[in-house]
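There are 2 protein chains.
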Amino acid sequence: MINFETRPEEYKHWRLEIEGAVARLSMDVQEDETLNEGYKLKLNSYDLGVDIELADAVQRLRFEHPEVRVVLVTSLKPRIFCAGANIYMLGTSTHAFKVNFCKFTNETRCAIEDASAHSGQRYVAALNGTASGGGYELAIACEEIFLVDDGNSAVSLPEVPLLGVLPGTGGLTRLVDKRKIRRDRADVFSTLAEGLKGKRAKEWGLIDGYFPTSKFQESVNEHVQQLVKESGVQDQKGIRLNPLEVEVNADGREYRYVSLKLNREKRYADLTVRAPEGETPATIEEIEQLGDAYWPLRAYRELDDALLHLRMNELETGLVCLRTEGDGANVLKVDETLIKHKEHWLVREITLYMARVLRRLDLTAKSFFALIEPGSCFAGNLLELALSADRTYMLNSPDEEVSVATSEMNRGALPMSNGLTRLQSRFLATPEKVAEVFAHEGSFDTEEAEEAGLVTFAPDDLDWEDEVRVAIEERTSLSPDALTGMEASLRFAGPETLDTKIYGRLTAWQNWIFQRPNAVGPQGALTNYGKPTQAQFDYKRT
Amino acid sequence: MINFETRPEEYKHWRLEIEGAVARLSMDVQEDETLNEGYKLKLNSYDLGVDIELADAVQRLRFEHPEVRVVLVTSLKPRIFCAGANIYMLGTSTHAFKVNFCKFTNETRCAIEDASAHSGQRYVAALNGTASGGGYELAIACEEIFLVDDGNSAVSLPEVPLLGVLPGTGGLTRLVDKRKIRRDRADVFSTLAEGLKGKRAKEWGLIDGYFPTSKFQESVNEHVQQLVKESGVQDQKGIRLNPLEVEVNADGREYRYVSLKLNREKRYADLTVRAPEGETPATIEEIEQLGDAYWPLRAYRELDDALLHLRMNELETGLVCLRTEGDGANVLKVDETLIKHKEHWLVREITLYMARVLRRLDLTAKSFFALIEPGSCFAGNLLELALSADRTYMLNSPDEEVSVATSEMNRGALPMSNGLTRLQSRFLATPEKVAEVFAHEGSFDTEEAEEAGLVTFAPDDLDWEDEVRVAIEERTSLSPDALTGMEASLRFAGPETLDTKIYGRLTAWQNWIFQRPNAVGPQGALTNYGKPTQAQFDYKRT
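Those sequence lines, one after another, are chains A and B.
Those letters in the first sequence? Residues 5 to 546, per this note's numbering, in order.
Those letters in the second sequence? Residues 5 to 546, per this note's numbering, in order.
It cannot be assumed that every hint is accurate.
Stated by the list, open to error - Below, computed lysine-lysine pairings styled on PhoX-like, alpha-carbon distance capped at 25 Å:
(1) A/Lys241 to A/Lys270
(2) B/Lys81 to B/Lys219
(3) A/Lys184 to B/Lys437
(4) A/Lys437 to B/Lys81
To be verified - Using C-beta positions, here's what the derived DEER-type ranges look like:
(5) A/Glu329 to B/Ala197: 49 to 55 Å
(6) A/Asp255 to B/Ala197: 48 to 54 Å
(7) B/Pro419 to A/Glu471: 53 to 59 Å
Just so you know, these hints were derived from the structure itself, not from any lab.
Owing to the predicted nature of the structure, the values given are computational and were not obtained by experimental measurement.
C-beta atoms are modelled at their ideal positions from N, C-alpha and C, and glycine is treated no differently.
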């Protein structure tokens with residue numbers, strides 16, 4: 005079982021040093037400290053374990069070190085920055101693992117860009133040696149890239165020429181869509197196993213600068229100090245992200261505010277988020293004092309962990325029933341506080357994180373049904389769970405109160421990867437309905453919710469149990485692959501962004517290639533990498 | 005060998021009737037007239053042969069019947085409109101065939117939308133019976149959809165529940181991006197094998213109207229007459245599209261203006277387009293008189309045919325070297341005429357068609373290198389060939405004249421699927437370069453072209469032969485699958501449109517699923533369709 009929690013004191017592959025406004029995040033992969041057996045992490049190549057630490061560092065920097073303005077990403081290995089995802093790990097992994105591994109690493113790189121864009125923590129890649137494949141893809145997720153000019157070090161994407169797969173961790177998309185490299189040059193670069201060194205790499209826009217070995221550290225540091233100066237001093241004091249207290253049992257995971265209950269034989273899970281109880285804090289001082297115990301931060305960290313667990317450790321669970329429990333009024337009070345203090349760094353970070361967790365949900369290759377019953381609290385930020393679901397069932401009961409409600413948080417604080425709110429994505433044909441939903445006074449009972457277009461089905465007491473049971477049975481009987489492709493197409497209507505292009509177009513092609521005999525068959529390039537035998541291709545183009 | 009040329013007199017599966025401003029395009033698939041053996045085309049299901057006729061009809065309507073304002077797409081079979089792509093055909097096809105078949109059918113549907121949008125020929129689907137799968141996908145490519153309300157007929161996308169694949173001929177994308185169906189309803193609809201009938205289908209936005217059997221024809225006709233009235237009378241007289249005269253030999257195809265020479269053992273082809281010779285017409289009268297012999301129409305029809313031939317009949321050809329021959333001044337004269345008369349229907353149609361052919365090239369899963377040598381004429385519309393290539397090599401010779409040139413046609417008349425010109429796509433990072441290119445006086449010699457960013461490499465006489473040879477050898481040695489994924493990612497930087505979402509996101513997922521054992525393995529849903537055995541899924545979600 006893969007565990008997604010870690011902390012700097014436990015890092016094996018990264019060193020995180022903070023010096024005032026500058027964080028130095030240094031890769032120093034220990035080749036024997038692998039997540040699985042059968043490969044060695046040579047030349048700063050990475051497996052999921054390495055990336056879990058990176059994701060943790062990126063997250064902690066935002067919460068624990070808000071004073072940091074520049075994150076310098078570099079390596080402690082001489083002459084090598086990072087050789088990318090470990091090929092032997094990929095070669096020995098199942099298809100499902102490869103796909104989920106790539107998705108997680110993509111999310112980590114998008115989180116780096118999110119920090120640069122929204123938290124004022126600018127990432128600078130200081131390539132003290134060659135960055136190849138996933139190594140360059142990590143660099144290209146940073147705002148700026150500097151390469152040592154030692155006559156040897158290069159940036160490269162050798163996946164196509166050496167491995168018969170794609171630079172699928174955002175590489176191809178970021179080349180032409182982020183750095184806007186001319187497509188013919190991107191073509192040459194992506195087929196050139198040895199890559200490009202300083203001068204040519206700069207000329208083509210692959211890096212932002214290069215310095216000779218003797219001046220590399222000094223020049224990069226100067227530039228970093230310049231960036232710090234530009235961004236001004238931030239004297240915020242971070243909060244600590246303590247380990248989640250999770251009780252793991254045979255059928256699931258119990259957190260403080262989240263429960264994951266697995267119905268393995270039926271291949272679905274119940275994922276319940278509970279509202280805060282009692283008084284919720286209203287001032288910044290109270291929030292800072294609560295720190296990571298503050299409901300939205302804690303509940304969403306738990307939700308995040310549960311989603312990752314479902315993805316990686318519960319592959320056969322095809323459907324997740326999203327449920328909520330507790331007092332919706334308390335959820336709305338939280339939202340009110342988050343909106344009121346949205347300019348405060350900690351509230352901003354909590355909100356940005358909630359948005360990332362919800363995007364993680366959107367991008368999870370499982371079906372989601374939201375079940376809205378008496379005692380549930382799909383209100384404000386938790387309404388996003390219902391809006392992110394593939395379908396929503398809401399009980400229509402004459403006797404019991406069932407309701408959903410919006411808050412200001414549904415207006416744009418929690419955007420999807422396509423840049424729209426979930427309500428905007430829902431009502432592309434009738435954008436006026438978004439305004440109507442917000443114009444509605446108070447909560448929506450079932451009939452109002454149905455009328456407003458917020459729910460898919462509203463069965464009554466008599467039908468509820470059967471209808472939900474049948475829907476679950478039907479969904480879990482369908483081809484899991486067809487569902488993945490269908491959901492990836494239906495969830496992201498409307499505009500496309502760098503992120504959706506990576507998760508849609510690039511990932512879909514990479515997954516296709518990860519199935520192809522030319523990559524993973526006995527004669528495939530991935531299979532034969534590093535062996536004396538040569539790859540043999542079926543040259544039919546499709 | 006698949007032949008892409010046909011004409012109404014030879015149609016087996018469609019009937020095309022013109023009555024004034026209304027064309028009636030009726031599907032009546034002959035179940036034994038299949039393109040390959042091993043299946044029967046029951047219930048108006050289709051194979052590539054059926055779609056080649058449809059594509060031909062859509063094309064001819066624009067050139068031969070410009071007076072047509074509304075195209076009524078319907079069926080001659082009672083109670084069935086169209087059952088979609090034939091499952092047994094799909095089940096017995098190779099992966100490469102399936103993928104290329106889907107691409108062609110997608111292009112046909114996009115051509116229908118192109119006709120509605122730009123030629124004022126509005127397509128109306130009159131579903132006189134059930135439209136399922138590809139049948140509904142054909143309907144949804146039309147501007148309006150009317151369904152008979154006979155208590156039985158429905159629209160449906162049963163691919164996911166019945167076949168474990170996607171409605172990949174644009175279906176999923178058009179549901180949420182064109183018709184903007186609410187995503188939860190799209191989810192329900194796409195998992196509901198039996199689909200939805202009149203009332204609910206209308207309520208959910210899947211159709212535009214429904215009429216009882218007794219009033220169906222009459223009501224649809226009334227609506228069609230209304231549309232005709234709105235669009236006003238067009239008294240244009242069409243031109244005839246005669247069969248291409250192509251000389252087929254063992255190593256390629258010779259057309260009037262296009263040569264395709266296959267170097268099969270080296271897995272690449274030379275595709276040459278020749279400029280017009282002598283005087284080119286300058287007036288509408290001369291153009292109308294020339295008809296389909298007019299250079300841009302003829303040359304691009306030949307290019308289109310050659311591309312389709314390469315895709316379907318020459319699967320192992322991985323690289324196409326694009327070449328041109330003749331007097332660039334003549335090409336520029338053609339462009340001048342096309343721009344001057346762009347408001348005339350025939351010139352408009354020719355230009356729209358040139359744009360479609362170039363998009364067909366962009367979407368072809370082969371590598372393209374443009375080779376610019378003495379005697380070539382990459383000018384104006386033919387410059388688009390170089391701009392659409394993955395790379396461009398231009399000889400830098402002190403002795404011989406080598407040049408390229410732009411025309412007004414490069415400014416927007418020939419857009420890519422992403423809505424940009426090829427120059428805009430090329431210079432996303434430096435949009436000012438587009439203006440600089442147009443500000444340049446006269447043609448570009450090699451050094452000017454390189455300086456302007458129009459070519460990738462400019463080897464001199466000494467290096468040219470070796471450099472091109474090595475580039476060809478290297479390209480054709482790479483994994484064809486990795487190249488397909490790479491090119492699909494690098495060619496379409498910038499904005500995404502309905503079209504690019506279909507060819508990128510949806511197609512990539514469909515191709516992935518077409519590889520998965522859950523669809524095509526011995527226990528897969530596609531394999532087991534119609535057999536007494538049931539599909540068995542590996543339920544791991546990826």
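- prompt: Do B/Pro419 and A/Glu471 keep their Cβ atoms within the hinted range of 53 to 59 Å?
  reply: 47 Å, violated
field: 25 Å Cα cutoff - pair A/Lys437, B/Lys81
entry: 41 Å, violated
message: Holds or violated: B/Lys81 and B/Lys219, Cα atoms, limit 25 Å.
response: 18 Å, holds
task: Starting from the hint 48 to 54 Å, judge whether the C-beta atoms of A/Asp255 and B/Ala197 obey it.
output: 32 Å, violated
query: At the C-beta level, are A/Glu329 and B/Ala197 separated by a distance inside 49 to 55 Å?
result: Hint violated: Cβ distance 35 Å, outside 49 to 55 Å.
- prompt: A/Lys184 and B/Lys437: Cα distance at most 25 Å?
  reply: 13 Å, holds
task: Sort out whether A/Lys270 lies within 25 Å of A/Lys241, counting only the CA atoms.
output: Outside the cut-off at roughly 47 Å; violated.
Of the numbered hints stated above, those contradicted by the structure are hints 1, 4, 5, 6, 7, listed in ascending order.
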